[in-house]
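As you go down the protein sequences, you meet chains A and B in turn. So in numbering that gives the first Met the number 0, spot 13 of the first sequence is number 12, and the numbers just go up one at a time. So in numbering that gives the first Met the number 0, spot 65 of the second sequence is number 64, and the numbers just go up one at a time.
Hints were generated in silico from the structure; no laboratory data involved. On a predicted model such as this, the values are computed, not experimentally measured, just so you know. Every clue listed holds true.
Negatives, chain B to chain A, calculated, CB over 10 angstroms:
id: 1; residue: MET45
id: 2; residue: VAL47
id: 3; residue: LEU54
id: 4; residue: VAL55
id: 5; residue: ALA80
id: 6; residue: GLU111
id: 7; residue: LEU131
id: 8; residue: VAL141
id: 9; residue: PRO142
id: 10; residue: HIS147
id: 11; residue: ALA159
id: 12; residue: THR160
id: 13; residue: ALA161
id: 14; residue: GLU165
id: 15; residue: SER172
id: 16; residue: PRO177
Have a look at the derived ranges for each label pair, beta carbon to beta carbon:
id: 17; chain 1: A; residue 1: LEU122; chain 2: B; residue 2: GLY48; range: 44 to 54 angstroms
id: 18; chain 1: A; residue 1: ASP25; chain 2: B; residue 2: PRO18; range: 16 to 26 angstroms
id: 19; chain 1: A; residue 1: LYS127; chain 2: B; residue 2: VAL141; range: 55 to 65 angstroms
id: 20; chain 1: A; residue 1: LYS137; chain 2: B; residue 2: MET45; range: 47 to 57 angstroms
id: 21; chain 1: B; residue 1: VAL141; chain 2: A; residue 2: LYS43; range: 43 to 53 angstroms
id: 22; chain 1: A; residue 1: LYS137; chain 2: B; residue 2: ASP6; range: 15 to 25 angstroms
id: 23; chain 1: B; residue 1: GLY53; chain 2: A; residue 2: ARG72; range: 29 to 39 angstroms
id: 24; chain 1: B; residue 1: ALA82; chain 2: A; residue 2: LEU64; range: 42 to 52 angstroms
id: 25; chain 1: B; residue 1: GLY133; chain 2: A; residue 2: ARG68; range: 52 to 62 angstroms
Glycine residues also receive a C-beta, built at the ideal position from the N, C-alpha and C atoms.
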Amino acid sequence: MNSAAEAYRSLAPAVLGYLRAQRGPDPEDILGEVFLQVARDLPKFRGDDDALRRWVFSIAHNRLLDARRREARRPPVADRDVPDQPAVPGPEVLDGELAAALAQLTPDQREVVVLRFVADLPLADVAKITHRRVGAVKAMQHRALEMLQQRLGVATEEGVSTPPVS
Amino acid sequence: MGTDQEDVIRRLRSLGTEPVEPGVAGRHLSFLAAGPVAAGRRRRPMMVGAMLAGLVMGGTGLATALPGSLPHQASSVARSALAAVNLVNGDQAPSHPSAAKAAAKAAKAAAEATEAATTDADQGHAKVERFLTGCTAGTPAVPFTGNHGQYVKAHPDNPATADVNERQVAAKSNCGKPLASLGTDTEDATKPEAPEAPEVENEGTGKPADAGRPESPGKSEQEHPPTTAVKEQGSEHRATDTGTDDTGKSSDHRPEGVGSGS
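So that you can see chain A by itself, here it is in the shape it has in the complex (with noise of 0.2 angstroms):
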């Protein structure tokens, strides 16, 4: 990939989707932030397109928990009274029940299968990013897929529909 717009267009949906899978402040300005980076440091990357993604990914990631912290200090304040209703579903959940499961792993566990499957990265990417042992990370993936299995398979069988988290 020569530009960081063709780098967009290849990752872009991949990035996003992990942003929202991660319950990402605000996904679509993370990943702004995260392609802008991109563009910068483009021409310093030296890499094929596997390292291509795994550098994406790590930006992404950075980018994410820069954005959890920048939240977590400035807490939302409301000056008016917000009425207690439910969300809207926002038209970027598009598989609700799946978010919903994600949402009952550990943070640790979600961040593994996330980059794995959804980001689409080999275990051994997914170590690095995370700073941790390959042996580690695929015990957290086995843990996480048997629990998103059972969340899955039970709202399945009892029909229940989770509502959409954002």
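Chain A is fixed; fit chain B onto it per the hints.
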């Protein structure tokens, strides 16, 4: 269970294939094509330029605050302010015209000495190794190179400091003297002479002028037996004894050195 892991994985993968909304993607792509990256690249040289401009303007301002550019009182205020931030040595800065003249004279002498030393070296004259450790001259102080006479010349009396006779102090120092005249060891030469006298006296040997020579301590002890009078009266009386020094050092050097060194 109604869902196997393959199904879970398939659903997870589908999350990463949903296209970005066209509006959002268009905004991001236009952003990437032109804007912030280029702006970021332009910002750095602008910041560097602004810093350089500030440095030049600040430097010019400081230079105009130095002596001769402002009225006397304003100059004093500026100098004390600069001394507070260590840009000017407030103690050494001349505070009135005669002091400024003396400082200029000292600086000129120091420059002449340095030039003479350089010329000697250039012309291939035999270079005499001189004691120059910690020797400075001029205002602001610069490392001194030259002979002892030049060093003394570079330190005229400063009328601003009436209690210190700069020329006399310079004359007593070893600055510019050949190392050969001070002793073979450079480290010995750097030691102040004054503290040596009490050390000898504390030993109770009452050594005379040639006391420093290792081969004759017994002899000197016999010839000049220590007396309580000499011990009690201190350095002034020892000065009388050491006045017969034959080491080449001036005999009047030691007593004052002892006095000032204590």
